[in-house]
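For the record, the sequence lines run as chains H and B.
Each residue of the first sequence is one higher than the one before, starting from 1 at the first, in this note's numbering.
Each residue of the second sequence is one higher than the one before, starting from 1 at the first, in this note's numbering.
Take these hints with a grain of salt, some might be off.
Partial list, derived from the structure: chain B residues whose beta carbon lies under 10 angstroms from chain H [unchecked claim]:
hint : residue
1    : SER28
2    : ALA29
3    : GLN34
4    : PHE36
5    : GLN38
6    : GLY41
7    : LYS42
8    : GLY43
9    : LEU44
10   : LEU49
11   : GLY83
12   : SER85
13   : LEU89
14   : THR93
15   : PHE102
16   : GLN104
Distance windows between CB atoms, simulated [to be verified]:
hint : chain 1 : residue 1 : chain 2 : residue 2 : range
17   : H       : PRO61     : B       : GLU3      : 36 to 46 angstroms
18   : B       : SER109    : H       : ARG81     : 37 to 47 angstroms
19   : H       : ARG81     : B       : GLN2      : 24 to 34 angstroms
Calculated from the structure, these hints are not laboratory results.
Please read these numbers as outputs of a predicted model, since none were measured by experiment.
Backbone N, C-alpha and C fix where the C-beta goes; we use that ideal spot for every residue, glycine too.
Each chain, letter by letter, is given below.
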Amino acid sequence: GAGVSQSPSNKVTEKGKDVELRCDPISGHTALYWYRQSLGQGLEFLIYFQGNSAPDKSGLPSDRFSAERTGGSVSTLTIQRTQQEDSAVYLCASSPWGGAYEQFFGPGTRLTVL
Amino acid sequence: KQEVTQIPAALSVPEGENLVLNCSFTDSAIYNLQWFRQDPGKGLTSLLLIQSSQREQTSGRLNASLDKSSGRSTLYIAASQPGDSATYLCAVTGNQGGKLIFGQGTELSVKP
Numbered sequence: 001g002a003g004v005s006q007s008p009s010n011k012v013t014e015k016g017k018d019v020e021l022r023c024d025p026i027s028g029h030t031a032l033y034w035y036r037q038s039l040g041q042g043l044e045f046l047i048y049f050q051g052n053s054a055p056d057k058s059g060l061p062s063d064r065f066s067a068e069r070t071g072g073s074v075s076t077l078t079i080q081r082t083q084q085e086d087s088a089v090y091l092c093a094s095s096p097w098g099g100a101y102e103q104f105f106g107p108g109t110r111l112t113v114l
Numbered sequence: 001k002q003e004v005t006q007i008p009a010a011l012s013v014p015e016g017e018n019l020v021l022n023c024s025f026t027d028s029a030i031y032n033l034q035w036f037r038q039d040p041g042k043g044l045t046s047l048l049l050i051q052s053s054q055r056e057q058t059s060g061r062l063n064a065s066l067d068k069s070s071g072r073s074t075l076y077i078a079a080s081q082p083g084d085s086a087t088y089l090c091a092v093t094g095n096q097g098g099k100l101i102f103g104q105g106t107e108l109s110v111k112p
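In isolation and in its complexed conformation, chain H is listed as follows (with noise of 0.2 angstroms):
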């Protein structure tokens, strides 16, 4: 079966742009995560979905930052007014549940603020 699915796989914008990042997960998975990957960070949370509600959205690191999952399956994660500290690896993770299942990650999107 197919697996976690992310769009685009590389995206270069100015600072200042608002840019959308995109995650199709393993159909039937009710739980969705979004994580962020930087040189200096690690990997970091950003956001928790069950469903189409998020109980967690600790992670987003400003309120330049928003996502939302609809139909309870592809959800996008939107920065506003980039600026160059976002440049990282934006991944997302799917599980048939939250807490004690498995997570699996998509591939990725690699975003460059210029």
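Could you slot chain B onto chain H? The hints should help.
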């Protein structure tokens, strides 16, 4: 606040050696622990998941152990191969599950 540490940061071994990667965490109230590998420029591949009630899990040449009370896990790789070269990450979830807290990883190089 949960913190996860992996030692060593980098490791180079000749092909065929058995090796151990270490992971420690500061808060023993975890729900589970997961080991991943990451190849350069790629996403994370799940290797093993250990629930907090378990002591170890095995998959092929990999064996992961968990000592929750002491806040430690080890990943044992038997008969290492050049294809095992990658960065290995451990991560824990808190006792409510959900988000993973990651270590900084161990970069493994297996020389032919």
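How the hints compare with the structure:
The restraint placing SER28 (chain B) at the interface with chain H is violated, with a minimum CB-CB distance near 17 angstroms, outside the 10 angstroms limit. For ALA29 (chain B), the interface hint is violated, since its Cβ never comes within 10 angstroms of a Cβ in chain H; the closest pair sits about 14 angstroms apart. A cut of 10 angstroms between beta carbons decides the hint on GLN34 (chain B): the least distance to chain H is about 7 angstroms, and the hint holds. Look at PHE36 (chain B): its Cβ gets to within about 8 angstroms of chain H, closer than 10 angstroms, so that hint holds up.
The beta carbon of GLN38 (chain B) is positioned within 10 angstroms of a beta carbon in chain H (closest approach about 9 angstroms), and the interface hint is therefore held. Below 10 angstroms, beta-carbon pairs count as interface contacts, and GLY41 (chain B) has one with chain H at about 8 angstroms; its hint therefore holds. A least Cβ separation of about 6 angstroms between LYS42 (chain B) and chain H falls short of the 10 angstroms threshold, and the interface hint therefore holds. Using the Cβ-Cβ criterion of 10 angstroms, the hint placing GLY43 (chain B) at the interface with chain H is satisfied: the shortest such distance is roughly 4 angstroms.
A hinted interface residue such as LEU44 (chain B) counts as satisfied when its beta carbon comes closer than 10 angstroms to some beta carbon of chain H; here the least separation is about 4 angstroms, so the hint holds. Checking LEU49 (chain B) against chain H by beta carbon gives a least distance of about 5 angstroms; that is within 10 angstroms, so the hint holds. Hint on GLY83 (chain B) is violated. Least Cβ distance to chain H is approximately 19 angstroms, over the 10 angstroms limit. Given hint, SER85 (chain B) at the interface with chain H, is violated; its Cβ is 19 angstroms from that chain's nearest Cβ, farther than 10 angstroms.
Given the 10 angstroms rule on beta carbons, the hint for LEU89 (chain B) holds: about 7 angstroms separates it from the nearest Cβ of chain H. With 10 angstroms as the threshold, the beta carbon of THR93 (chain B) comes within range of chain H, its nearest partner Cβ sitting at about 7 angstroms, so the hint holds. The restraint placing PHE102 (chain B) at the interface with chain H holds, with a minimum CB-CB distance near 4 angstroms, inside the 10 angstroms limit. The criterion of a C-beta within 10 angstroms of any C-beta in chain H is met by GLN104 (chain B), whose closest approach is roughly 5 angstroms, and the hint holds.
Between PRO61 (chain H) and GLU3 (chain B) the CB atoms are about 19 angstroms apart, so this pair departs from the stated range of 36 to 46 angstroms. Remark: the range hint 37 to 47 angstroms for SER109 (chain B) to ARG81 (chain H) is upheld by a beta-carbon distance near 40 angstroms. Restraint check, ARG81 (chain H) to GLN2 (chain B): a C-beta distance of roughly 31 angstroms satisfies the suggested window 24 to 34 angstroms.
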